[in-house]
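Visitor: Full structure from sequences and hints, please.
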Amino acid sequence: MVWNHVDVSDISYYFRWNIALPNLLYLFFLPCVLYYFFCRFCGLSCRPWRGMGYVVLSAGLGVFEVWAGLPGSVALLTETALLAVYGTAALKRGWGESWMTALLLRSVFSVIDGLVCWADYRLLLPLVIRWEALVLPADALRELVKVLLVIGFLTLILRRFYRSGEALLREQLLILTAPLFFIALAERILQDAFYNGDIYINTVEGTVSTEMKASHGENLLLQLLAGVCLLAVLLIYQRLVRMKHAEKRLLCLFGQEAEQRRYMEEAVLREKRTMAFRHDLKNHLSVLKELLRTGQGEKACVYLDQLGEAAEGLSCGIRTGNPAVDVLLGSKCAVAEQMGIRFSCDISIPKDGGLKEIDWCILLSNALDNAVRACEAVPPEKRYLQLSGKRKGNLYLLLLENSCDGDLKTPPPEGIGLSNIRAVLEPLSGTVEKTVSGGVYKLKLLFLLL
0 MVWNHVDVSD ISYYFRWNIA LPNLLYLFFL PCVLYYFFCR FCGLSCRPWR GMGYVVLSAG
60 LGVFEVWAGL PGSVALLTET ALLAVYGTAA LKRGWGESWM TALLLRSVFS VIDGLVCWAD
120 YRLLLPLVIR WEALVLPADA LRELVKVLLV IGFLTLILRR FYRSGEALLR EQLLILTAPL
180 FFIALAERIL QDAFYNGDIY INTVEGTVST EMKASHGENL LLQLLAGVCL LAVLLIYQRL
240 VRMKHAEKRL LCLFGQEAEQ RRYMEEAVLR EKRTMAFRHD LKNHLSVLKE LLRTGQGEKA
300 CVYLDQLGEA AEGLSCGIRT GNPAVDVLLG SKCAVAEQMG IRFSCDISIP KDGGLKEIDW
360 CILLSNALDN AVRACEAVPP EKRYLQLSGK RKGNLYLLLL ENSCDGDLKT PPPEGIGLSN
420 IRAVLEPLSG TVEKTVSGGV YKLKLLFLLL
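If you use numbering that gives the first Met the number 0, the sequence shown closes out at 449, no skipped numbers anywhere.
In case anyone wonders, no lab produced these hints; they're calculated from the structure. No residue lacks a Cβ here, since even glycine has one placed at the ideal position from N, Cα and C. Hints are not guaranteed to be accurate.
Only pairs whose alpha carbons sit at most 27 Å apart, straight line, appear in this in silico DSSO-like list of lysine-lysine [as the list claims (entries may be wrong)]:
#1 K355 to K408
#2 K381 to K350
#3 K443 to K391
#4 K408 to K381
#5 K391 to K355
#6 K350 to K441
#7 K355 to K389
#8 K298 to K381
#9 K433 to K391
#10 K355 to K441
#11 K381 to K443
#12 K298 to K281
#13 K350 to K408
#14 K350 to K389
#15 K408 to K443
#16 K391 to K381
#17 K355 to K443
#18 K355 to K433
#19 K433 to K389
#20 K389 to K443
#21 K288 to K355
#22 K408 to K433
#23 K381 to K441
#24 K389 to K441
#25 K288 to K298
Taking CB as the label site, the calculated pair distances span [to be verified]:
#26 T434 to K298: 52 to 62 Å
#27 P411 to F63: 43 to 53 Å
#28 R46 to D351: 53 to 63 Å
#29 A118 to P70: 19 to 29 Å
#30 L407 to G296: 26 to 36 Å
#31 S436 to G52: 53 to 63 Å
Guide: Below you can see the structure in the form of structure tokens.
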């Protein structure tokens with residue numbers, strides 16, 4: 000809205016620029032901002048050439064709304080639909096995610112627009128009436144403040160509610176469609192009712208009024224409540240994200256616990272077989288002695304080969320001091336060898352320290368599974384995995400190093416595996432350090448042995 004009710008005939012040339020600049024901010028720069036944050040919220044790279052189509056279409060729609068005199072509710076629906084359809088057709092996002100992101104962006108804009116319009120009428124307009132020199136920058140200042148507030152609010156939402164790794168529930172945000180649309184619609188209707196009508200200026204008394212008789216204080220309260228409702232919707236969404244992550248983590252932990260129990264049962268069975276072999280070892284030696292005494296050397300060699308095969312079946316080849324961990328590492332080592340990964344292990348599990356066998360298995364299995372997946376991205380001849388552990392006093396350092404994609408510059412976002420590792424280390428005041436450099440990924444786990 001331009002201050003076309005103020006007599007500025009003596010500065011008509013500049014007044015045309017007074018119209019052009021705010022329209023430029025509203026029709027072109029604001030759509031650029033919305034497109035940028037649409038890409039950010041959807042996890043896309045913001046490519047300017049792809050956004051030019053939306054900016055042009057949005058500007059055309061804005062001009063059409065003014066020409067056709069569309070009511071606020073219809074205008075809001077068409078603006079939201081344009082952004083959602085463009086996100087689906089041009090940016091290849093799912094329709095649910097596109098609609099929810101478009102609704103969120105338009106809701107934020109509606110709240111900011113309502114607050115700025117209130118400040119415009121209650122604070123800026125009386126100053127413009129008193130000092131005509133403010134007519135020129137008034138509209139541009141209003142639109143600039145509006146754009147800056149939209150950028151600030153969306154940045155806050157992006158950092159506070161859309162953290163990395165929390166894109167899991169974007170489509171489930173569909174359940175919040177109704178409150179988001181209600182907030183945006185209420186804001187647009189209020190703005191149309193209060194501020195898009197004719198302005199009546201009493202030059203004698205210096206007062207400003209509109210064709211609608213209503214309390215500006217109550218309107219401000221409604222605007223502020225709309226902002227609070229928007230934040231409440233986002234808080235509900237954030238809680239849903241955390242609950243879903245906790246549910247997935249719990250299910251993963253249950254699955255891993257069952258897997259670790261299987262490893263433990265296998266380790267116990269292997270230990271029983273080893274004890275039985277040791278028990279029969281004296282008899283085996285007696286048989287070998289008798290075969291050699293009677294000159295049956297070939298039969299003795301065959302018997303020794305059979306004993307060797309039986310002995311190899313009793314051992315997983317890795318000794319850490321913990322049978323369950325030995326079985327786990329033996330299984331992971333076999334998987335790594337099948338994928339052509341050079342596996343080396345130098346680790347000793349302390350008998351004390353407060354960590355149960357299941358906790359050790361959760362730490363090692365999650366770390367090794369992530370390392371094996373990272374090795375798949377490099378050629379077979381460059382695949383390697385090194386696991387080591389060192390104890391110094393009550394501190395234990397577990398270091399895992401593996402090859403990874405050479406183009407990887409920063410550690411990838413944390414998934415369920417690292418979340419499980421952090422859950423185990425939290426009671427032990429443990430830390431997790433991840434580094435990537437030159438195609439090498441390093442994971443350092445430092446924790447206290449209680």
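Visitor: Look at each hint and say if it fits the structure.
Guide: For each hint, the structure was consulted:
The hinted pair formed by K355 and K408 fails the criterion: a straight-line CA distance of about 35 Å is larger than 27 Å. Restraint check for K381 and K350: not satisfied, since their Cα atoms lie roughly 35 Å apart, outside the 27 Å limit. For the given pair, K443 sits about 15 Å from K391 by alpha-carbon distance, which is consistent with the 27 Å threshold. Our distance criterion of 27 Å between C-alpha atoms is met by K408 and K381, whose separation comes to about 18 Å.
Restraint check: the Cα-Cα separation between K391 and K355 comes to about 19 Å, which is no more than 27 Å; the hinted pair holds. Straight-line distance between C-alpha atoms of K350 and K441 comes to about 26 Å, which keeps the hinted pair within the 27 Å bound. Under the criterion of a C-alpha separation no larger than 27 Å, the hint pairing K355 with K389 is consistent with the structure, at around 18 Å. As the CA atoms of K298 and K381 are separated by approximately 45 Å, the hinted pair breaks the 27 Å bound.
This hinted pair checks out: K433 and K391 have alpha carbons roughly 21 Å apart, not beyond 27 Å. Note on K355 and K441: the hinted pairing holds, with a Cα-Cα distance of about 25 Å set against a maximum of 27 Å. A threshold of 27 Å between alpha carbons decides the hint, and for K381 with K443 the separation of about 21 Å falls inside it, so the pair holds. The suggested pairing of K298 with K281 holds, with an alpha-carbon distance near 18 Å, which does not exceed 27 Å.
Taking the CA atoms of K350 and K408, the gap is about 38 Å. The hint is violated against a cut of 27 Å. Of the supplied pair hints, the one linking K350 and K389 holds, its CA atoms being roughly 14 Å apart against a limit of 27 Å. Among the hinted pairs, K408 with K443 is consistent with the structure: their alpha-carbon atoms are about 18 Å apart, no more than 27 Å. For the given pair, K391 sits about 32 Å from K381 by alpha-carbon distance, which is inconsistent with the 27 Å threshold.
Pair hint K355 plus K443 holds up; C-alpha atoms about 20 Å apart against a cutoff of 27 Å. Note on K355 and K433: the hinted pairing holds, with a Cα-Cα distance of about 24 Å set against a maximum of 27 Å. With a C-alpha separation of about 18 Å, the suggested pair K433 and K389 falls inside the 27 Å cut-off, and the hint holds. Proximity of K389 to K443 is assessed by CA-CA distance (about 11 Å); at most 27 Å being required, the pair is judged to hold.
Between K288 and K355 the alpha-carbon distance is near 45 Å, which puts this suggested pair outside the 27 Å criterion. Proposed proximity of K408 and K433 is supported: the alpha carbons are some 12 Å apart, at most 27 Å. Proximity of K381 to K441 is assessed by CA-CA distance (about 16 Å); at most 27 Å being required, the pair is judged to hold. With a CA separation close to 15 Å, the supplied pair K389 and K441 stays within the 27 Å bound.
Straight-line distance between C-alpha atoms of K288 and K298 comes to about 11 Å, which keeps the hinted pair within the 27 Å bound. A beta carbon spacing of about 58 Å between T434 and K298 agrees with the range 52 to 62 Å that was offered as a hint. The given range of 43 to 53 Å is respected by P411 and F63, whose C-beta atoms sit roughly 45 Å from each other. R46 and D351 have their C-beta atoms about 56 Å apart, which keeps the hinted 53 to 63 Å range intact.
Distance hint check for A118 and P70: the Cβ-Cβ separation is about 24 Å, which falls inside the suggested range of 19 to 29 Å. The given range of 26 to 36 Å is broken by L407 and G296, whose C-beta atoms sit roughly 58 Å from each other. As the Cβ distance of S436 to G52 is approximately 40 Å, the hint placing it in 53 to 63 Å is violated.
Going through the hint list in order, the structure does not satisfy hints 1, 2, 8, 13, 16, 21, 30, 31.
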